[in-house]
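**Q** Here is how the chains run, residue by residue.
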Amino acid sequence: MTLGFMAALPDWLVNWWTDLKDQFILNFIKDDRYRYILKGLGVTLEVTFFAVLLGIAIGVIVAIIRSTHDKLVTDMRAGIARFILNILNALVKLYLTVIRGTPVVVQLMIAYFVIFSSSKNKILVAILAFGINSGAYVAEIIRSGIMSIDNGQFEAGRSLGFNYVQTMIYIIIPQAFKNVLPALANEFIVLLKETSVSGYIGLEDMTKGGDIIRSRTYSAFMPLLAVALIYLVIVVFFSRLVSMLERRLRNSER
Amino acid sequence: MNDKPVNYSHLIQVTDLKKHYNGGDIKALDGVSVNIDKGEVVVVIGPSGSGKSTFLRSLNLLEVPTSGSILFEGVDITSPDVNINRLRMKMGMVFQHFNLFPHLTILQNMTLAPRKLLGLKKEEAEARAMDLLGKVALSDRAGAYPSQLSGGQKQRIAIVRALCMSPDVLLFDEPTSALDPEMVGEVLDVMKTLANEGMTMVVVTHEMGFAKEVGNRVIFMDQGRVVMDNTPSAVFDNPDNERLRTFLAKVL
Numbered sequence: 001m002t003l004g005f006m007a008a009l010p011d012w013l014v015n016w017w018t019d020l021k022d023q024f025i026l027n028f029i030k031d032d033r034y035r036y037i038l039k040g041l042g043v044t045l046e047v048t049f050f051a052v053l054l055g056i057a058i059g060v061i062v063a064i065i066r067s068t069h070d071k072l073v074t075d076m077r078a079g080i081a082r083f084i085l086n087i088l089n090a091l092v093k094l095y096l097t098v099i100r101g102t103p104v105v106v107q108l109m110i111a112y113f114v115i116f117s118s119s120k121n122k123i124l125v126a127i128l129a130f131g132i133n134s135g136a137y138v139a140e141i142i143r144s145g146i147m148s149i150d151n152g153q154f155e156a157g158r159s160l161g162f163n164y165v166q167t168m169i170y171i172i173i174p175q176a177f178k179n180v181l182p183a184l185a186n187e188f189i190v191l192l193k194e195t196s197v198s199g200y201i202g203l204e205d206m207t208k209g210g211d212i213i214r215s216r217t218y219s220a221f222m223p224l225l226a227v228a229l230i231y232l233v234i235v236v237f238f239s240r241l242v243s244m245l246e247r248r249l250r251n252s253e254r
Numbered sequence: 001m002n003d004k005p006v007n008y009s010h011l012i013q014v015t016d017l018k019k020h021y022n023g024g025d026i027k028a029l030d031g032v033s034v035n036i037d038k039g040e041v042v043v044v045i046g047p048s049g050s051g052k053s054t055f056l057r058s059l060n061l062l063e064v065p066t067s068g069s070i071l072f073e074g075v076d077i078t079s080p081d082v083n084i085n086r087l088r089m090k091m092g093m094v095f096q097h098f099n100l101f102p103h104l105t106i107l108q109n110m111t112l113a114p115r116k117l118l119g120l121k122k123e124e125a126e127a128r129a130m131d132l133l134g135k136v137a138l139s140d141r142a143g144a145y146p147s148q149l150s151g152g153q154k155q156r157i158a159i160v161r162a163l164c165m166s167p168d169v170l171l172f173d174e175p176t177s178a179l180d181p182e183m184v185g186e187v188l189d190v191m192k193t194l195a196n197e198g199m200t201m202v203v204v205t206h207e208m209g210f211a212k213e214v215g216n217r218v219i220f221m222d223q224g225r226v227v228m229d230n231t232p233s234a235v236f237d238n239p240d241n242e243r244l245r246t247f248l249a250k251v252l
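Top line first, the protein sequences correspond to chains A and B.
Mapping to our numbering: the first sequence position 159 is 159, numbers consecutive.
Mapping to our numbering: the second sequence position 103 is 103, numbers consecutive.
Worth flagging that the hints you see were computed from the coordinates, not collected in a lab.
Ideal Cβ positions, reconstructed from N, Cα and C, are used throughout, including at glycine.
Just to be clear, a hint being listed does not mean it is correct.
[Claimed, not checked] So the derived list for chain B, only partly shown, Cβ under 8 angstroms to chain A, looks like this: (1) Pro-80; (2) Val-82; (3) Met-93; (4) Phe-247.
Take these sequences, add in the hints, and give me the full structure.
**A** What follows is the structure, encoded as structure tokens:
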């Protein structure tokens, strides 16, 4: 039955189909090569997940230092607090300039071959490098969110008796977070895709996994397309998730 | 801690308060001295740029004065050793633009500070809030978000949000200036009720009717100085000052 069906098709189509099947078996099934991609996917997700967490932590702290400095320093009395704030602000500004002014691949290689050259833990180095890199972008996103909140919100919090940090935590950050959620989501999508340069330090992430298959089978089409497809699916799924979250947050105000 | 009772003659005693910008080029406050006693309703009027809002905002240090002193319950709040946050709990403030927290419901707006700062339990804070909501006839809006309310309703909520902290004084910064005309009355009514209940209030406003009817004292400010500080009848019925007369001719 099947044979009869195949026979009815034109030769070129049958050939193409057979070729595709052979390619698939060669690239994924033979020697369990699919495992390169599967294991790589695990590494990619692990690096992205922890880098995102690190990026948020750094980003929030840096954003609070920057916006606190911009908001308060002109009103502060000269003293130790203002001195510390000025020093912190100068430090985080340096951090932002360096991180945003150099390519992430270079940062990754510097982290692995220079700073942590004694470490064999490639995943940890990648998490640190991508997290520190992402933190700079997250910081600017959150800072813009904090600055976008009307100063009256801040004054209302302070006039009730909240101190600066409490006002930030209870009143400003929740509103700022909601405003910058789309930009943050975009940053995380970028980060997920950026981890594809992990191969530069020999970390076998998903992209590297696909590349290893290519180097074994000398066929690029299947492994690279599979890798691209998986990135695409993750990004689309994540985007959906974020827009659902956005809608829920918006609903809570109407 | 500043909980020790201090003997003081005035609830708020402002002495020679100055606020300068641009290294003294602009004098928003140029030596203001005012005493405010418990239970008084003091209305501050004056042309725009006269420093009346700056004066009010200095009272809880939202504006940091350049020099001068502000004694609140006998404590100089401009001193660097004072914990201003503790004092602000006792000085409620109502803003021109309401400044309700849009991400919280009305009830959450009202219970946030009492729970976090006074350590009230959720039930206690909510009971107090619902009681106050009843007073301003907005009990049915407890679960609503600020964006669902009219301007007048928002300002009434802002007032009871401040009251939830049981303050010793309420500061009003042009509370009706951002309202549609038909909503001004409902907010002024709440303020009148508060005044009758003995709440100490400092009110910056353009509502001369309110100043006349509810105020114990009217302070007229111009160019960062107090020009007149007298009873409403002295200020409105026989103004013996040229600048005051010019101002009143424009607003009445």
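**Q** Run every hint past the structure and note whether it holds.
**A** Hints versus structure:
no.	hint	verdict
1	Pro-80	holds, 6 angstroms
2	Val-82	violated, 13 angstroms
3	Met-93	holds, 4 angstroms
4	Phe-247	violated, 27 angstroms
The structure does not agree with the numbered hints 2, 4 stated previously, though it agrees with the rest.
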